[in-house]
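Participant: Sequence:
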Amino acid sequence: MRKYFLIIVNMWDEIFTYRLSFAMWRLRNVFQLLTIYFLWASLIPKQSVLFGYSQSLMLTYVIGTSFLSAVILSTRTYEIGDNINSGNLSALLLKPINYFGYWFAKDIGDKLVNISFSLVELFLLFFLLRPPLFLQTDIVPLLFFIITICLGILLYFCIGSLLGMIGFWSPEVWAPRFIFFILIGFFAGILFPLDIFPKPIFNILQLLPFPYLLFFPLKVYLGQLSMPEILKGISISVIWIFSLTYIMVLVWRKGLRMYTAYGN
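For the sequence shown, our numbering gives the first residue as 1, with consecutive numbering after it.
Keep in mind that the hints were calculated from the coordinates and are not lab data. A portion of the hints provided could be inaccurate.
With beta-carbon atoms standing in for the labels, derived distance ranges [claimed, not checked]:
| # | residue 1 | residue 2 | range |
| --- | --- | --- | --- |
| 1 | V238 | Q47 | 21 to 29 Å |
| 2 | R19 | P228 | 28 to 36 Å |
| 3 | F31 | L250 | 37 to 45 Å |
| 4 | L183 | L128 | 48 to 56 Å |
DSSO-like, lysine-lysine: derived pairs with alpha carbons at most 30 Å apart [what the hints assert, rightly or not]:
| # | residue 1 | residue 2 |
| --- | --- | --- |
| 5 | K106 | K95 |
| 6 | K254 | K46 |
| 7 | K254 | K232 |
| 8 | K254 | K95 |
Being a predicted model, the structure only gives us computed values, none of them experimental. Every residue, glycine too, gets a C-beta built ideally from N, C-alpha and C.
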């Protein structure tokens with residue numbers, strides 16, 4: 001466990017080696033949050049309801065997606081493809097460390113950095129804008145909220161790892177990964193709650209893994225789901241995690257058979 005802890009700690013040094021890149025990333029997130037925040041604040045005046053959301057519920061959802069993006073959607077798995085294409089995979093395979101454990105530890109380190117800065121940004125937002133937020137005080141939704149966050153982290157790690165393994169078959173990993181991550185963010189509900197879609201479309205989306213990254217945990221936090229709906233969502237998340245893990249192992253084994261260690 002100590003070696004994985006060291007990987008987590010070293011991620012802080014690695015991230016701050018490229019301070020400008022990290023600063024631009026955080027600045028982009030702030031601008032995105034402010035854009036969506038003011039959009040919904042203008043669409044839903046106080047004491048009004050739109051799509052079943054009051055202003056406080058919608059703004060809580062918007063700010064919640066910003067925080068959960070730092071917790072769930074921040075990842076280093078996008079480096080897996082480059083790791084394969086550069087030949088650095090060979091060095092990692094020779095080390096006494098689990099390859100996916102290595103990347104998961106890097107993920108945790110990356111998340112801790114992003115969470116720290118996200119909390120500072122949200123504190124400044126609260127101080128400057130004083131948004132009307134919904135605070136969940138019921139312990140049961142809060143406990144399930146934490147559970148769904150943990151499941152979302154595992155789910156996104158599987159998705160990101162599978163996208164990184166494109167590197168076994170193609171040197172072009174950036175473009176498909178970039179496009180897919182945009183689609184993931186959209187269908188995860190980063191721009192708006194997914195239940196504003198027409199019901200037939202929403203029912204289809206609920207069968208996909210993406211809503212369980214952001215939308216589902218926030219609906220649990222807002223207390224808008226019954227216990228059967230929460231348990232159903234958790235069950236779907238677990239099924240997707242096991243399914244994607246199984247696929248990930250198969251793709252990994254097939255990719256290793258094709259890997260030629262071209263590069264360093």
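Participant: Against which earlier hints does the structure fall short, listed by number upward?
Facilitator: 1, 2, 4, 6 and 7
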